[in-house]
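Trainee: Taken in sequence, the protein lines are chains A and B. Take the working numbering: the last position of the first sequence gets the number 357, and nothing is skipped along the way. Take the working numbering: the last position of the second sequence gets the number 357, and nothing is skipped along the way.
Some clues are possibly wrong.
Stated by the list, open to error - Label-pair distances were calculated between CB atoms; the ranges are:
1) ARG346(B) / ARG60(A): 39 to 49 Å
2) GLY8(A) / ASN79(B): 48 to 58 Å
3) ARG116(B) / PRO39(A): 58 to 68 Å
4) LYS2(A) / ALA102(B): 43 to 53 Å
5) ARG60(A) / GLN329(B): 37 to 47 Å
6) ALA41(A) / GLU325(B): 57 to 67 Å
7) CYS54(A) / GLY42(B): 21 to 31 Å
8) VAL92(A) / ALA102(B): 44 to 54 Å
9) GLU202(B) / VAL117(A): 50 to 60 Å
10) ALA86(A) / GLN83(B): 53 to 63 Å
11) PRO39(A) / ALA62(B): 45 to 55 Å
12) ARG60(B) / ALA41(A): 44 to 54 Å
13) LYS2(A) / GLU202(B): 42 to 52 Å
What the hints assert, rightly or not - Far from chain A, some chain B residues (derived; all Cβ distances over 10 Å):
14) PRO7
15) ARG189
16) ASP303
The hints are simulated quantities; they were obtained by calculation from the structure and are not laboratory data. Heads up, the beta-carbon is just placed ideally off N, CA and C, and yes, glycines get one too.
Number of protein chains: 2
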Amino acid sequence: MKVLAPPGGTVGILGGGQLGRMLAMAAARLGIKAHVYAPEAGSPAFDVASAVTCAPYDDRAALAAFAASVSAATTEFENVPAQTLALLGESVPVRPGARAVAIAQDRMLEKDFVNRVGVPTAPYRKVDSLEDLRKALAELGAPAILKTRRFGYDGKGQVRIRAPEEAAAAFAEMKGAQAILEGFVPFSREVSLVAARGADGEIRAYDLTENRHEAGILRESRVPARGGAELSAVAADMARRILEGLDYVGVMGIEFFALGDGRLLVNEIAPRVHNTGHWTIEACAVSQFEQQIRAVAGWPLGDPSRHADATMTNLIGQEAEAWEEYARQPNTAVHLYGKAEARPGRKMGHVTRVTRI
Amino acid sequence: MKVLAPPGGTVGILGGGQLGRMLAMAAARLGIKAHVYAPEAGSPAFDVASAVTCAPYDDRAALAAFAASVSAATTEFENVPAQTLALLGESVPVRPGARAVAIAQDRMLEKDFVNRVGVPTAPYRKVDSLEDLRKALAELGAPAILKTRRFGYDGKGQVRIRAPEEAAAAFAEMKGAQAILEGFVPFSREVSLVAARGADGEIRAYDLTENRHEAGILRESRVPARGGAELSAVAADMARRILEGLDYVGVMGIEFFALGDGRLLVNEIAPRVHNTGHWTIEACAVSQFEQQIRAVAGWPLGDPSRHADATMTNLIGQEAEAWEEYARQPNTAVHLYGKAEARPGRKMGHVTRVTRI
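Here chain A stands alone, though its shape is the one from the complex:
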């Protein structure tokens, strides 16, 4: 395996939010410099980067200079324009590659792909028209969820349809965007797996995590998840199929619905470090952020084993104003992302409670 960025080398990170920030810090721990590229002035990741570029994602000159300054590049989020990744990929290795990101950007391509490698999802139908939607509802039944194919996150771009009569109103909410109807899944809980694949094909998975969402936004992640080693093994096998099927290099977050009968269905995949893996910072020798940097830089993947139990809670919007109270709590690691404005629903930080196993 070829090392792209040894200690002293530079890795490029597209995106300057909290994930980019934690990636840059993980790089620094390994003696690797981080060059962060983001369009927004004052991006959280700029504070800890050894070089920054503040430019739009379609600025070809800025992208070329960025590519020339790094040995490998990655992205903190899946909605970076595919063209940006493709352009970078012409002059520098980009991990994960444009194909994996393109698939994860589109719920329809994603579900098609996941099922193709033998991993089940909820039933779904393509919805390009109101007629499509009516037909899909007839096939999948109500309730069901209509989702935009692209640019959805934290519950945005989704509408629940309780009865066929709601079809027209729901379709109008898509505002002409291509959509997908997902059939109702009677899941008992949500779990996720963060796994990585190195450039040499090695796969390493963290422990299965149990999650709780509120209003479409992750509220809490907990390890160990209920279900034990057996359920973890099922999830890890699904992860392997997906990572290998994409010839993926890097960290991926995979969200599952856990059904009452013990089956797992993939809800969605994220071609990046994942909010449900933040606990790995405290509970593992090598965090998901470092794992991603290792994969991108061509290092051996690190040991994902866990030396502590952990519960991660997101601090959303004004919740982060109680930082002093969190700072006093026992066994508690406080993470604040350096975002100036606490808009409702915005992830401002998180706390991880760590306990001995």
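Given the structure of chain A, go ahead and fit chain B onto it with the hints provided.
Mentor: Chain B only, in chain A's frame:
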């Protein structure tokens, strides 16, 4: 307690080595910006700082601008000129204060102070002349160790005297610097305690650490130390006397000789984060680096309790070239400091092996 630097605020760090680097990263985790001031271009801490000043410690204009940009300041090492701290202290809170640093800079003042607060050290004598040295040797006996009072670290500025005849040669090695003779202590092992005192007087100590030095340089630190809770409590009580006696604010590293009969003698104190506390990054929710930032910024101190066992090994000089091998080892967190040149004896990084308790 007054918060000096809330999330979004800025803390100043004097010194740009690995300790400054890890302090800056700990600040970032809390959403606090770090402004690093160091004379050397390419200082390791510059890579992760949100602002940097590269200027000599006696550059009054640069210091004034630095002071104006931060809400509180600290130092990564005890050999920063006392005048620099005093100058900064005129316009911004500096923690620890100039007095504590001045005492720790001088082995003679340090030992006088430690004994004054009722904490024992090895026997010692002031040595300003060869005559002083001969007299001291007669009183303390040989073997004994002659040390410069100031600017000694990692075994530098020390010479062992095996017999009185070696006095003249040893004295010559001090090159006219003020010195101190320390009597031989038949210690069975070396332990250390990293403790912090907040601006409100609250004291928090990490677990006692067992250390092994080679050629005067720390090789390995291990928790838990042998001796259990009893020895930890003795060390913590000594730490409390020292921290309170200095009206200290911040993290301090205290090195002890553990004698065969169970007694502890203070070897030296370091008014800063300490190499023997690096394991706290992995094994505690709040590391020594974050604890220092909290104390400096006026935050509540964090919980120093430990959720894992750990062994930290320094990577010295060319040892860091084996980074890829370390990166493959299980349970191993690799830290590389981003130093360009691997000079013999130079601390280039460390690895921490973490295991479940």
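Trainee: Going through the earlier hints one by one, which of them does the structure break, listed in rising order?
Mentor: 2, 6, 11, 12, 14 and 16
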